[in-house]
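**Q** Chain by chain, the residues:
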Amino acid sequence: MTTHDGEIIRRSLEQPAAFAELYDRHERVVFRYAARRLGASEADDIASETFLVAFTRRRDFTGSENARPWLLGIATTLMRQHARTEAKAWRGMLASDLARTDIDQIDAADARLDAKRLTRRLGKALARLPTGDRDTLLLHTFGDLDYEGISEALSIPVGTVRSRLNRVRRKLRAAIEPILNQEKEQSHGRNLAPAPSAD
Amino acid sequence: MDEISLLRRARTDIPERTPASVARGRAALFAQIEAETPYAPFAAVGDDTAFTPLPLRRRRRRTVAWTGFSALAAGALTVALVGGNLLGIGGWHGGADPAAADALNAAAIATLQATDPTLSAGQFLHVRNDAVYMTQAHLEEDVDAARVNGVVEDLNTVEAQYYLQREQLELFRPADRNDTWWRIQCRTSVAETFGPKSELAAKQNPTFTNGPIGHLIEMPGGRIKYESPEGEIKIGNPVGGFSVPGGASDDFTQLPLDPGALLTEIYRLTATKGTSPDGEALVWIADTLRGGAVPAEYRAAIYQAAALIPGVTITEEQATLNGTTGMAIGRDETNSTFRQEIIIDPATGQFIGERTVELEGYGPVAAGTVVAWTAVTTEIVDAAPTDVSSCNP
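Protein sequence lines, in the order shown, are assigned to chains A and B. Under this note's numbering, the first residue of the first sequence is numbered 1, with each subsequent residue one higher. Under this note's numbering, the first residue of the second sequence is numbered 1001, with each subsequent residue one higher.
What the hints contain is simulated information worked out from the structure, not anything from laboratory work. You may find that some hints are simply not true.
Here are some chain A residues pointing at chain B (derived, C-beta under 8 Å) [to be verified]: (1) Glu27; (2) Ala35; (3) Arg36.
Computed cross-link-like contacts, DMTMM-like style, restricted to lysine to aspartate or glutamate with a CA-CA straight-line distance of at most 25 Å [what the hints assert, rightly or not]: (4) A/Lys124 <-> B/Asp1002; (5) A/Lys171 <-> B/Asp1002; (6) B/Lys1197 <-> A/Asp60; (7) A/Lys116 <-> B/Asp1013.
Please read all numbers here as calculations on a predicted model, not as lab measurements. All C-beta atoms, glycine included, are put in the ideal place defined by N, C-alpha and C.
Kindly generate the complete structure, drawing on both the sequences and the hints.
**A** The structure is reproduced here in structure tokens:
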């Protein structure tokens, strides 16, 4: 039977060495989350730092079985120091940032998307998001956290998570919809929505 | 396709973290764990330890500060300043107050004149640390009173209690560093309390009464073994050496012997830590000397490097630690609230110990109080320890 994270953290209060197990369990997830936001080189430091901070703050752990939300929350807070770097990276997001391997799996109309323009608009919209909204969104998409997990990671009520995600999705949809609609127009010969002004 | 699934496809081609990077991160964590381990790695687990008292002395000052992230900004500033230092250490730098520099240089010369004891096969260098340090704790009843639905939202709102605790650590270094080292960690005890609530808080600390009076720990090649919850054995950092970014080293030959070059290296090794490069360099020096296993020529170079740190002064001519008197040399840390001091005998070069003086005060602690000290004694012994009888119950 595997000892769950909460038990390890509790044990580490008396026996600090027990905490090392948490690193082996979660460092990869923390690294990948940070790397997708900031790039691999920055993510390396963020991942290491996250566990140092987590160790010194382990008395504050209030979760139970899974420490992932808590760790990703710490990583998120650490990354705020790099908010400008991140925003810049999003603004410069390239079509190549979207995984090519997935292209085959999406439907035919989507495959004809103007990936270049789409990613540029998506990236710009992400760069413009308020920090809290972007954190919420990316904990969901890159950290694979559900509403409760995000609530725990950011110490905000679940209702706030829900409203933030709704707001963010509206914004992103507004940013990319013109491209999607344009594609549909080309596919089906009719316009489904008025074209907003170009970005 | 919606915006969420589109985003999920973004940047999925992240390279795996290299094994070396993973190991570096783990080593950094181990260093932190080791720094905060006042108990044996194999100690029995107590019952409810949710509000374990917090030692206020940072044993190996590696703690990552968590103060609304201003610490990280300070880290960036530190790096910038160190960059300047690396470019020209002699110029604007200044060095220690002349009297302190004289004392440190005299200690260095005396150290070089004395030869390190040579260990024969089977012998051990026995380094003993006697330490006393301030501890912060919360009374169980105060914590219970602060619970809302069984949870304490913010422990900072609970009145803190303070007491001094005593610690005894012994390290046995074999003649051949690759052989088995031994460590004795005695159970910590109360050294001083400040009033009835402080006394009660000390009584509630289970580490003073639980478990055996000490642990005898075997360390192959001078490395701590850790046991994961699943029973897997992991090997930690070397002991008795010095800290490096993300870990520790016991290979002193990596360090330059030229004092200026050594100080530059110390600035590099401590670049992202502490509140100022000079303050952190002195902390590194105190930590390294406290290990008690620094070869004489490096001990001399370390004293001379300390003489180059700006702001270092003689803080007390006659300072007594655990019955031994020496000269206290330290540096007021303007960015923090403590002063790190080392205590040496300039005439013989002996490192007597180190201490931390609180500059602002908190709780029962007045400004100028010694809140942590470690006395270091070394001797050669003919055999490895077989029990923990040196620990006083």
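**Q** Are the hints correct? Go through all of them and say.
**A** Verification of the hints:
1. Glu27: holds, 6 Å
2. Ala35: Check passed: Cβ of A/Ala35 comes within 4 Å of chain B, closer than 8 Å.
3. Arg36: holds, 4 Å
4. A/Lys124 <-> B/Asp1002: holds, 17 Å
5. A/Lys171 <-> B/Asp1002: holds, 12 Å
6. B/Lys1197 <-> A/Asp60: holds, 24 Å
7. A/Lys116 <-> B/Asp1013: holds, 17 Å
The structure meets every hint from the earlier list without exception.
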